[in-house]
Amino acid sequence: MAKEQKIRCLNCFERMPVPARAKRLTCPKCSVEYVIAWRGSQAKIAGTPSKRV
Amino acid sequence: MPLTRKIGYIDLSDRNIKTSSIPEALRRLYLGGRGLDIYLLYNHLKPGCDPMGPENVVTVSAGLLGGSMAPAAARCHSGAKSPLTYGVGSCNMGGFFAPELTFAGFHHLLFTGKADKPVYLWVHDGELELRDAQHLWGRDAFETQKLIREELGDEEIQIACIGPAGENLVRYANIRTGLKNAGGRSGVGCIWGSKNLKAIAARGTMEVSNRYPLEALDYAYKWQKQVTDTKLAQALGYDGTMMIWNVTNTTGLLRYRNFQSNKLEDWEDLTIERFHEQYHEGVTACFGCPVHCRHKWRIKKGPLAGLYGEGPEYNTQMCMGGMLNITNWESILQGQYLVDKYGFDMAEFANIAAWAFEIYEKGIIDERDTGGIKLDWSNADELLPLLLEQVAYRKGIGDLLAEGPIKALEKLGKPEAEYYLLHIKGLGNMLSDERPTPSFALGIATSTRGCDHLRSRPAIDLYHLPEKVLEEAFDGGPMSSDFTSHVGKARQIWVMERVYAVVDSIGTCKFHTLFFSPHMPSWNEWAKMIYYVTGMELTPQELRDIGERIYTLERMFNYREAGLDRKDDALPERYFAEAVPGGLPVVKGTKMDREKFEKLLDEYYDFHGWDKKGRVPQETLEKLSLDKEPSHML
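Just so you know, the protein sequences line up as chains A and B, in that order. Counting with our numbering, you get residues 80 to 132 for the letters of the first sequence. Counting with our numbering, you get residues 51 to 684 for the letters of the second sequence.
Isolated chain A (complex conformation) (with noise of 0.2 Å):
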């Protein structure tokens, strides 16, 4: 089974897991929406929402 993978809010550097494919996340402690960007199984921040996405 993969490893649950987290990422770190940049505003208040909370751990956030994240699920499999998200595209959206919002941080649990300080709720900044991140729009989340996948390179294979890898997630990462790739800004917050625009008016495109």
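One or more hints might be untrue.
Computed list of lysine to aspartate or glutamate pairs in EDC-like fashion (alpha-carbon distance at most 16 Å, straight line) [stated by the list, open to error]: (1) A:Lys130 / B:Glu318; (2) B:Lys68 / B:Glu206; (3) B:Lys638 / B:Glu653; (4) A:Lys130 / B:Glu411; (5) A:Lys130 / B:Asp316.
Keep in mind the hints are simulated off the structure, nothing from the lab.
Dock chain B against chain A, hints included.
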């Protein structure tokens, strides 16, 4: 051994050339590279000279470990009195030139005087020969390298050269080697041009033996593994320096449309992912580096189809992109290609061009000042090739922009434009917005070559690492994990200034240091590698002291040549007057606090042992064995 590598003295005025050994005593004080170069500048340059005149000197060097088994010992340094700051001119580039200079028998070259017509220096197996370069004058940086290889009949020759911008005395002209390696900051290429020095070609077959070869080999392997095991190196090997952009843009730490925004809200077009999809063709590396952080790119279709190069870097992404309101990759890649070809510093160009756009927007200048060009942000991508050409050849408004911040303001003669031109000591601010990060802000304010991140930036300050980890990395505390805090940030800058001074002097890459990761090689590793390669025993503390000596001598040079002291360790007024308009909540609304900044400066001077004016007192001079400089040992 690297210690057998010599220094060559080249008087361009009378073509007199001589060589000399480098005393080990001086290696113990300054190592090589940037360290020995500032020693040479301090000793050989006539105090107070005109940077563009024959009394300025140019140094070119490899680091102490250049060309040895040490990983990434590829860096070339070149120094002079800067035509932008009138203080330390100092630039550094990777590639293969510095190792080849080492194989050819030399670690340092010192140019004095001025040639009566263009020349290049041919360095080969212990020999130095000045050759005519009139046929190369006017050639771009790519053509120059190709023509010299053809002329000398050897494809393996490595060349450092200037392009048309250096010939035309663009004050931020750089030196170049290969397709994209650039010694970019502080205008050293302009000084090469002022001396009619077009290029240096190096080819050597002289052995670089190591004092303890088996141990050196074993230790180089450990070093490589230490580097490549880090997540940072793995990310760099895939994305290059652009790996940072998503994080810094999302947070709001960048600089758009001069200084009007700190975040690109519609960010999709400028991502590394978009670059990978359409333009990436592979990666390559500098001599002896396992990280291979440099992209190779090609535009495959459209009007620019066939254009190719190496890079781009994070710096390119912003300097040819965000700073100028450009978000299409093809304009950015074309811009990079052109600065590589013409040979000037894209960061300095972007800063002064963005200023011109903003003062045009604000009505301070108009088409009478720009030669009829409408400097409208929305047209920046279309104007970019024209502006780059105008700067390189000093045509139209390019002649003003080619002057760099201080002279351009003088020539324009509009005092109301000054507030919008961001620079420190005469060197333009780069792509970052340092208002939310006191450590970064202090670093650019105190940098000895003017505003620049590569004198001290502790990028790991952004990671929110545990305080214990930070205190270990930075030799003590207290140290805050919060990048908006002032606690421990003076210490961070003090430590990083010494780290970079030493790394620039042994000639390895900053990406193999604390810059991006606390797990990278540091004082202990450098001491061991120096010992295995050269046999010189230096303790980690002695290396720290060498870093302090180098940085302090640069400080002394700046004071002697330009009177730079505390009043010049300053941030542009905008850092205090305007709050950051965007970004994440942790950043939005922040700006620099003048009182806190001044306290940070006091703390920083205390670490260095300088006085409240930022000058070097006698007791510090004595402690660092600088009290007898200039000592003329070389």
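Against the 16 Å threshold, does the CA-CA distance of A:Lys130 and B:Glu318 hold or violate the hint? holds, 10 Å
Holds or violated: B:Lys68 with B:Glu206, Cα cutoff 16 Å? violated, 25 Å
Quick one, are B:Lys638 and B:Glu653 close enough, alpha carbons at most 16 Å? Violated: B:Lys638 and B:Glu653 sit about 27 Å apart, past 16 Å.
Mind checking the alpha carbons of A:Lys130 and B:Asp316 for me, to see if they're no more than 16 Å apart? Between A:Lys130 and B:Asp316 the Cα gap is close to 7 Å, so the pair holds against 16 Å.
Would you check the hint for A:Lys130 and B:Glu411, treating anything up to 16 Å between C-alpha atoms as holding? violated, 25 Å
Hint violations for this structure: numbers 2, 3, 4, all remaining hints satisfied.
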